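So the sequences go chain by chain: A and B.
Residue numbering for the first sequence follows my numbering, beginning at 3 and increasing consecutively.
Residue numbering for the second sequence follows my numbering, beginning at 22 and increasing consecutively.
If you are wondering where the hints come from, they were derived from the structure by calculation, not from laboratory data.
None of these values were measured; they are calculated from a predicted model.
You may find that some hints are simply not true.
[As the list claims (entries may be wrong)] For each label pair, taking beta carbons as the anchor points, the in silico distance ranges come out as: (1) B:His100 - A:Ser56: 46 to 56 Å; (2) B:Ser86 - A:Pro81: 40 to 50 Å; (3) B:His98 - A:Glu18: 43 to 53 Å.
Glycine included, C-beta positions come from ideal geometry on N, C-alpha and C.
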Amino acid sequence: AQSVTQLDSQVPVFEEAPVELRCNYSSSVSVYLFWYVQYPNQGLQLLLKYLSGSTLVKGINGFEAEFNKSQTSFHLRKPSVHISDTAEYFCAVTGGAGSYQLTFGKGTKLSVIP
Amino acid sequence: DTEVTQTPKHLVMGMTNKKSLKCEQHMGHRAMYWYKQKAKKPPELMFVYSYEKLSINESVPSRFSPECPNSSLLNLHLHALQPEDSALYLCASSYGTGGGEKLFFGSGTQLSVL
Chain A
3 AQSVTQLDSQ
13 VPVFEEAPVE
23 LRCNYSSSVS
33 VYLFWYVQYP
43 NQGLQLLLKY
53 LSGSTLVKGI
63 NGFEAEFNKS
73 QTSFHLRKPS
83 VHISDTAEYF
93 CAVTGGAGSY
103 QLTFGKGTKL
113 SVIP
Chain B
22 DTEVTQTPKH
32 LVMGMTNKKS
42 LKCEQHMGHR
52 AMYWYKQKAK
62 KPPELMFVYS
72 YEKLSINESV
82 PSRFSPECPN
92 SSLLNLHLHA
102 LQPEDSALYL
112 CASSYGTGGG
122 EKLFFGSGTQ
132 LSVL
């Protein structure tokens, strides 16, 4: 089985500052990794995903993440945040190509302070 | 059309009521999902339909009954629910069922059981 741990439940950051949201995964097999964002009173939206290849993955809204196999991490970063980035961010994992059961981490609430 | 549409957006029901949640997508996706999300928690997978057949049931109580009438529609029939079933119910779809698929989520139905 695979799982993800999001190390911070809440991250406050000032507008235009950089941010990193941390995610570590655990699995005995190859995994696919995802970051989803949930704005208040909405469903989830995919920011980016890592399946294979380049370990630096670029997503929507200026976000990027780096897959690090040795540290079993998939941290999400943005160089300059905006008020509109305030949302809940979920790291998620599936057990590779044959598994479509998406397992979510507990989420990190990003609050951007004006 | 890249939307997953869920109705109703809000539902209040008593423990003896029978109600249904509806989900619709017109993206030609062949996999559809029901997730349950309690407040300030990550989504939890309930059911997966693949090519209109139920492929995953995550040990969900029988008071929740899914139905997939065709490839565009997914229903969740509710009967004799408990107050602890109050949650946001999210529908999602994906083009295929491989582990790397992007899930498209609806905005959810906020269910309150009195």
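Check your understanding: How does the Cβ-Cβ distance of B:His98 and A:Glu18 compare with 43 to 53 Å: does it lie in that range?
Key -> The hinted range 43 to 53 Å holds for B:His98 and A:Glu18, with Cβ atoms some 48 Å apart.
Exercise for review: Hint says 46 to 56 Å; check whether the CB-CB distance for B:His100 and A:Ser56 agrees.
Suggested key: Distance hint for B:His100, A:Ser56 holds at roughly 49 Å.
Check your understanding: Okay, B:Ser86 versus A:Pro81 on CB: inside 40 to 50 Å?
Key -> Holds, since B:Ser86 and A:Pro81 (Cβ atoms, about 47 Å apart) stay within the stated range.
Violated hints for the displayed structure: none, as all numbered hints are satisfied.
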